Structures are given as C-alpha cells and as structure tokens.
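Undergrad: Residue numbers (the working numbering), protein chains in the order written: chain Z, -6 to 398; chain C, -6 to 398.
Source of the hints: derived by calculation from the structure; they are not laboratory data.
No experiment lies behind these values; they were computed from the predicted model shown.
Warning: the hint list may mix true and false statements.
Claimed, not checked - Pairs of lysine-lysine, DSSO-like flavour, derived with a Cα cap of 30 Å:
#  : chain 1 : residue 1 : chain 2 : residue 2
1  : Z       : Lys388    : C       : Lys272
2  : Z       : Lys276    : C       : Lys272
3  : C       : Lys295    : C       : Lys22
4  : C       : Lys48     : Z       : Lys227
5  : C       : Lys276    : C       : Lys348
6  : Z       : Lys388    : C       : Lys295
7  : Z       : Lys295    : Z       : Lys229
8  : C       : Lys295    : C       : Lys227
9  : Z       : Lys276    : C       : Lys295
10 : Z       : Lys295    : C       : Lys295
11 : Z       : Lys388    : Z       : Lys348
Unchecked claim - Across the chosen pairs, the derived CB separations fall in these ranges:
#  : chain 1 : residue 1 : chain 2 : residue 2 : range
12 : Z       : Gly198    : C       : Val23     : 30 to 40 Å
13 : C       : Arg324    : Z       : Thr271    : 47 to 57 Å
14 : Z       : Gly198    : C       : Ser314    : 53 to 63 Å
15 : C       : Ala240    : Z       : Cys275    : 50 to 60 Å
16 : C       : Pro76     : Z       : Arg182    : 50 to 60 Å
17 : C       : Glu90     : Z       : Lys276    : 23 to 33 Å
18 : C       : Arg346    : Z       : Gly198    : 51 to 61 Å
19 : C       : Arg182    : Z       : Arg182    : 33 to 43 Å
20 : C       : Gly198    : Z       : Gln223    : 45 to 55 Å
21 : Z       : Arg86     : C       : Ser211    : 56 to 66 Å
Just so you know, even glycine gets a beta-carbon here, dropped at the ideal spot from N, CA and C.
Number of protein chains: 2
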Amino acid sequence: MINIAVAQSGGPTCAINASLVGVFRESLKVPEIDAIFGSINGIEGIINNHLVDMKSIINTNNDMELLRQTPSTVLGSCRYKLPDANEDEAVYRQIAETLTQRNIGAFFYIGGNDSMDTVNKLSAYFAEHELNIKVIGIPKTIDNDLCITDHTPGFGSAAKYVATTMHEITRDSIVYSIPSVTIVEIMGRHAGWLTASSAVLHAMGETAPHLVYVPEVSFSEEGFLADVRQEMSKHKAVIIAVSEGIAVPDGVQSGVVDNFGHKYLSGIGKYLEDIVRTKIGCKVRSIELNVMQRCSSHLGSKTDIDEAESIGAAGVRCALSGETGKVMVFRRVADVPYTVVIETAEAADIANREKFLPRDYINSAGNNITDTALSYFMPLIQGDLNLITENGIPKHFAIHESVLR
Amino acid sequence: MINIAVAQSGGPTCAINASLVGVFRESLKVPEIDAIFGSINGIEGIINNHLVDMKSIINTNNDMELLRQTPSTVLGSCRYKLPDANEDEAVYRQIAETLTQRNIGAFFYIGGNDSMDTVNKLSAYFAEHELNIKVIGIPKTIDNDLCITDHTPGFGSAAKYVATTMHEITRDSIVYSIPSVTIVEIMGRHAGWLTASSAVLHAMGETAPHLVYVPEVSFSEEGFLADVRQEMSKHKAVIIAVSEGIAVPDGVQSGVVDNFGHKYLSGIGKYLEDIVRTKIGCKVRSIELNVMQRCSSHLGSKTDIDEAESIGAAGVRCALSGETGKVMVFRRVADVPYTVVIETAEAADIANREKFLPRDYINSAGNNITDTALSYFMPLIQGDLNLITENGIPKHFAIHESVLR
C-alpha cells in the first residue's frame, strides 16, 4: 500500500481541477493506493508539509462533477522554481522528508513548463538517492506552448472562450455607422496559440478577425498602420486580435508615467489603440480579455475537460507501471474524426522549453492565420459542459479559504 | 392595411434583437399589418430613408431563434438626439415623409432614455400635425436606469454575465499564498444597478465581492483604503466591484499623460489599482469587463430574453389599440413566484430621466449591497438559452455588412 500526493501549479486554467479529478478518481479504483493527499499551493505544500486528505474534501461524484466545472486550482497554486539540487539541497531534503514521512510513493504535479522542470529535478534527485517515489507531470496551460504534446489541457477551453467572445465583440463593434477599429488583447507572452485560435471565426463565415498579430512575427508600427488602413478600405468595423507579447519598440509599454509618478504598465492593446487614434484618427477601442480567458469555465470545452481528466488518470497508471520523470502528453492521430492517444515524454524534454506556432499557421503577410491552422484548433473547442447551476449561475467547488491560508 | 417600421438605438445589449423578434413575430400574426420595415442605424434610417424589408431578411423560425441569441443590434444603432421641433422642424418633415411615403402607420423604437425622448417628441409632432402614425417605445439598456419600469430588457443578461464572471474571477484570485486585491470595473456611469448585481454571489455562499462601490454613494480615497485594509484582515484575496461612474476627485482620471503627450483615459479600475499599489503595496490587479458585459449572449438569461420578446410583442398590440407616445414597462407583481405584467407609461415620464439604486439596497457603510437587493436581482438572471452552436461556438444571425453600410 502506498499513499499518493497531487499538486497544482502555475497560472489558473479551466481544466486543472478536471486533471485533479482524473488523478483522484483513478486512484480510488486502485487497491494499492491508500490516502490521496492534496498539496496546498503547489510544491510549497510539500515543502511546508501542508497537505490535505482529498477523500475528506471530495465526498461524492457530485463533488467531482462540480470540480470539473470549477476554474482555477482548488488546492491553490505557486510560482516556485526549484533550485538545482547541487546548489541548494536543503529543500530537496524537506520534500523527501514530507513524502517519506507520509508514505507517499507517487507525486503528480499538474502544471506548465516550470512545473515540468520540478518533475525532472525531483525524479532525478529521488533516483540518485534511491528513494522509491515516482514523479509524474500532468500538463496544463492556456498558452498551449509545451513541447511534444499536441496540445495542453486548458487550452481548448480558453480558445473556446476567445473565439466565442471575439464573435460577440464582432457583433458589438459593427453597430454604428462610422468607421471603427476594435483591438482585442489576448494572453500569450511568447507564443501566439491563443490569439491565433480567434481565427476559427473564419470557419463561421466571419471576416473578423481581420488582422491577427502574434509574437512569432516581428511587428512594426508602419506595417500595422498600413494593414489597418487596408482593412478599413474593405470593412466599416475592423477587428484586430493581438497577443500581449508581440514585440514593440523598447520602452514603449513602460514609457507612461502616471499621476503618482511611477510607470504605467499599459498593455499592448492600449498601445495600439493610441497609435490608431493618433495616426488614423478614427473611433478606436481596445479590450483586454484579461483573466476571463483562463477562468471562464461556463464556456469550458467538453473535449478539453474530458481530456484533462483522462490525462490525469493516465498519469496514475503511468506511475503504477513504475515510470518516473515523465510527462503525460497527447499525440493526435487524426483531425477527422478527431482522435488522440495519451503517451509519455521525458520531463527533461519539456521542462523550460516553449513551442511556437508553425509558420504555415500564419499567412505570408504575417498578419493573419491560415485555414491550415483551423483544422488543428477546431476539434479542441467542441462540446459544452452540462453545467450544474444554482440561482442561475454555474456552481463551483471550493475549499474553505481558511484551509488555503 | 398598414405597414410598420422598427428601429434599434443606443448601446448594444443581449436582448435588443429579441425585442425585434417580438415586434416581428407579433406583426406576422396581425392581418392588418403588411410590410415590416427595419430602419438601419436607428432613427437615422428613417431620416435617410434607409429601410429594409424584414420579411426578406428573416425567413424562418430558425432565423428568429438565432436572432434571439445574437447580441447587439442587427439593424445597426445610432446615438442621434432629435432636436426640438420648434427649433429644427426639417428633420421631423423628413421623418414624416419617409413614414407616410412607405404607408407606415406605427413606428417602434427599441432603446434607452434618449430613444424614449425621440418617442415622446415624434408622437407629439405627429399628433399636432394630425398624422396617424403611432409611436411606441420598447425599453432596453444594461444600465437598468429607466424610470417606472421594474427593470429593463438587457439588464438580466448583463447581470447574469457579471455575476457568473465575478464568481470565476473569485476562483482565479484566490490561488496564490500571498495577499491580493482584485478590482473589477463594471459599466454604469450614473447608476450602480449592474455593479450591485455582482452581490448575488452572496446568495451562493461567497464572501466576495467583499466591497461594492456604486455612483449613488460618495467616494473617498481614505474611506476606500480603510475598507480595503479591513477586508484584507479577514480575507487573503479581496475582491472589489466598482462602477465605472463613481465620483473621484476632479482630474484624477485624466491626469495621466501617455507617451504621445496626450491624456491617458484610464478607467476607475486602474485608478483604484494605483491607490492600492501605492498606499498598501500588496499584489493588486484591475479587470475591466468592458463590452463583454453587454454582448455576452452565450450567457443570456432566458428570463431576460423571453421578456424582451414579450415586451416587443406587447408594443405591437399597444399601437394597434390606438395608443401612441407610450413606452412599454414591466410591473413586478411578486418576487416568488416571480411574476411581472406588461403595462404602458407615458414616454414623457421616462425620457431623459434616470432611476437609481434604492438606499436600502446599499449597506449603511455604503460599501456593499444588502440582502434586500438580492430578491430583486435573483429572478432576472434565471434560465439559460438553448443555444444553437456551430463549430463549438454559438451561432449568430447577421445582415451582410454591405446592407448596414
């Protein structure tokens, strides 16, 4: 008999709790697994020995259904980067102590590429010190920028939110008789996956988004203005999708000083809005989709949430088969009918790396997305959750804030 | 036999097209009504004789279902304020000419309190000039600030969006172990109805929003900081709802000069974020719900959309009964079971006036919403639309942009 531990890390998504359900539900089926511990605030909970007995928190199948439709990380999160063991071994010893003391034979870490670095380092440390503790990574990130895996849990729901919202913003933008430009700022510091997903509207017969700017393509103000003028000659209301991370001239985003005398951290949307207002002079608005794109579970993709649960469950089976230092990944077999299989990859090959949009997903002008990309995006946003509601609002599963501290 | 005309005006909502369906579907049933004209861009379409035959655009019941789930104004909108007839009669003559030339016996104007001013002025002008053209107002606004009516179509869906999104933002905000403040800026320049609706989360057992600031209560920076510190002593993650229109010291919002040398129009959320960062120094984020709160039809309230259609249909019956210069209004008979009846009010009593939150909806400290308000808000957000989707995204009904010009 062993116990297991699971933790959630990095920025919230709509699918992290579904992966937690996957680990939990699968573990319940396994006779060799006794207690299932949840670590509060990612790996910090292991370091600080702040664990909760998941079976005392998740009591029913209804709880699991609620968790599947609850955004963010029910166990809290962290942004903790594990030091190298040969530089600072103390924290490794603390982690090993918590895990051995609690008889934990497997640790599942749901997170992005920083978390996969933790999986890699911990599994290497345990192997070196002959501790029989398996460490398995379960991927998640709305950024979809993990290597090897076809896509990441959390991305499909975020993409569904972005596409649905862009569609609605398009309707909203077109109502007045005067020309206008609407700029929608979408998350993605280095990779344009989520911004590019807004182009699925083209499959709905929409001309919007008329322009799409991603970090993979170099950006120039002159090119941008020429693009906008060109689109304004064709459409009364021009809709633009832009990644928060496109490269703009140094200092531009931090050049504004506010009335308290400190720098104003305006986003790229406001920056482009200012360019359009100053250089073109038409009606212009910028919209930041902000955290809504990572927490709008009411628009969760059923495909995404189901896959997130499946890949969590697969992680448990992987650990039980004796593997460690692995990350669970999706391999896409076919777009139509959409088929994926779950495999494993070395955490070392995923940690600290990023995957960018393929060049053929971006048009030759570098200002929109090709139809080639749509067959990639489309399956990931299919299906709706059968939401449990109360008072007209989707219900959530939450641990009392005193437990989270 | 008469023809009728219908137009949509003011800022978009999720329910304006449902009211258009109400006018259209009811008119189809009436043998005395022949053509149903849609005016492009509100009253401007009447002035410019830019009308479309609605029967050539809406062909099936499925079209009507799609329109019901399509946000914004399918016929376009305007912000046109009709001058007084004794100051500038020319535009009245143009309007009368279009309507008589097209044999239009009734004009339905779906809009806010500016549009009700148009209803009032036009009906008076037609009566004075013995033109038998009935003018009826159909209310709409997410601001819920029209007098006499219990609530306005469009508000319920916006409130459902705000409450659902605040719920999800609450989950998103609580994940890290460090204290934080999250400020959510909600529409409402003069009235706090929509901001206040976020407090329905209290009925879900949430402590958030911990603070709610509305324009009806005077605001002070000192009071705000004291409130935030007080809530931070109780909660790790403090969530604040604030109306865009709360009164802040003169010049504060326009005091920031951007890198182009012109004034930076930052919103109230950014302003409060700066105060918290500077004076308290904790992690702080502001989120502007922006146009999503008025166009997120995927979260439409079934109650709202059904009522919007009903009140449009009632407008047609009202005109046929010989009334003019009236606005259709809701009177609430009971909260439980929720019952409303549709009545009429004088457009003169609604035009250019605003309705504010009752004092007993706001707590004595002026920084949150009372439970008394919840029984008012709750029925308005009930029920979900049975959305027609395509490619995983809710479908919309749209007129080709060339028709809108």
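Undergrad: Against each hint, give a clear statement of whether it holds in the structure.
TA: Hint check results:
1. The straight-line distance between the Cα atoms of Lys388/Z and Lys272/C is roughly 35 Å, outside the 30 Å bound, and the hint therefore fails.
2. As the CA atoms of Lys276/Z and Lys272/C are separated by approximately 35 Å, the hinted pair breaks the 30 Å bound.
3. For the given pair, Lys295/C sits about 23 Å from Lys22/C by alpha-carbon distance, which is consistent with the 30 Å threshold.
4. Proposed proximity of Lys48/C and Lys227/Z is supported: the alpha carbons are some 28 Å apart, at most 30 Å.
5. In summary, the hint linking Lys276/C to Lys348/C is not supported, as the alpha carbons are separated by about 36 Å, beyond the 30 Å threshold.
6. Between the alpha carbons of Lys388/Z and Lys295/C the distance comes to roughly 18 Å, so the proposed pair stays at or under 30 Å and holds.
7. Of the pairs offered as hints, the one joining Lys295/Z and Lys229/Z is violated, with about 35 Å between alpha carbons and a cut-off of 30 Å exceeded.
8. Restraint check for Lys295/C and Lys227/C: the C-alpha separation of about 37 Å exceeds 30 Å, so the hint is violated.
9. Annotation: proposed proximity of Lys276/Z to Lys295/C is violated, straight-line Cα distance about 33 Å (limit 30 Å).
10. Among the hinted pairs, Lys295/Z with Lys295/C is consistent with the structure: their alpha-carbon atoms are about 22 Å apart, no more than 30 Å.
11. Our distance criterion of 30 Å between C-alpha atoms is broken by Lys388/Z and Lys348/Z, whose separation comes to about 34 Å.
12. A C-beta distance of roughly 34 Å is found between Gly198/Z and Val23/C, which places it inside the suggested range of 30 to 40 Å.
13. Between Arg324/C and Thr271/Z the beta carbon distance is about 50 Å. The supplied range of 47 to 57 Å therefore holds.
14. Checked against the hint of 53 to 63 Å, the pair Gly198/Z and Ser314/C fails, with Cβ atoms roughly 41 Å apart.
15. Separation of Ala240/C from Cys275/Z is about 31 Å and departs from the stated range, judged on CB atoms against 50 to 60 Å.
16. Distance hint for Pro76/C and Arg182/Z: a CB-CB separation of about 51 Å, consistent with the stated range 50 to 60 Å.
17. A C-beta distance of roughly 30 Å is found between Glu90/C and Lys276/Z, which places it inside the suggested range of 23 to 33 Å.
18. Taking 51 to 61 Å as the suggested C-beta distance range, the pair Arg346/C and Gly198/Z does not conform, at roughly 42 Å.
19. With their beta carbons about 34 Å apart, Arg182/C and Arg182/Z fall inside the hinted range of 33 to 43 Å.
20. Take Gly198/C and Gln223/Z: their Cβ atoms lie about 52 Å apart, and the range 45 to 55 Å holds.
21. Distance hint for Arg86/Z and Ser211/C: a CB-CB separation of about 57 Å, consistent with the stated range 56 to 66 Å.
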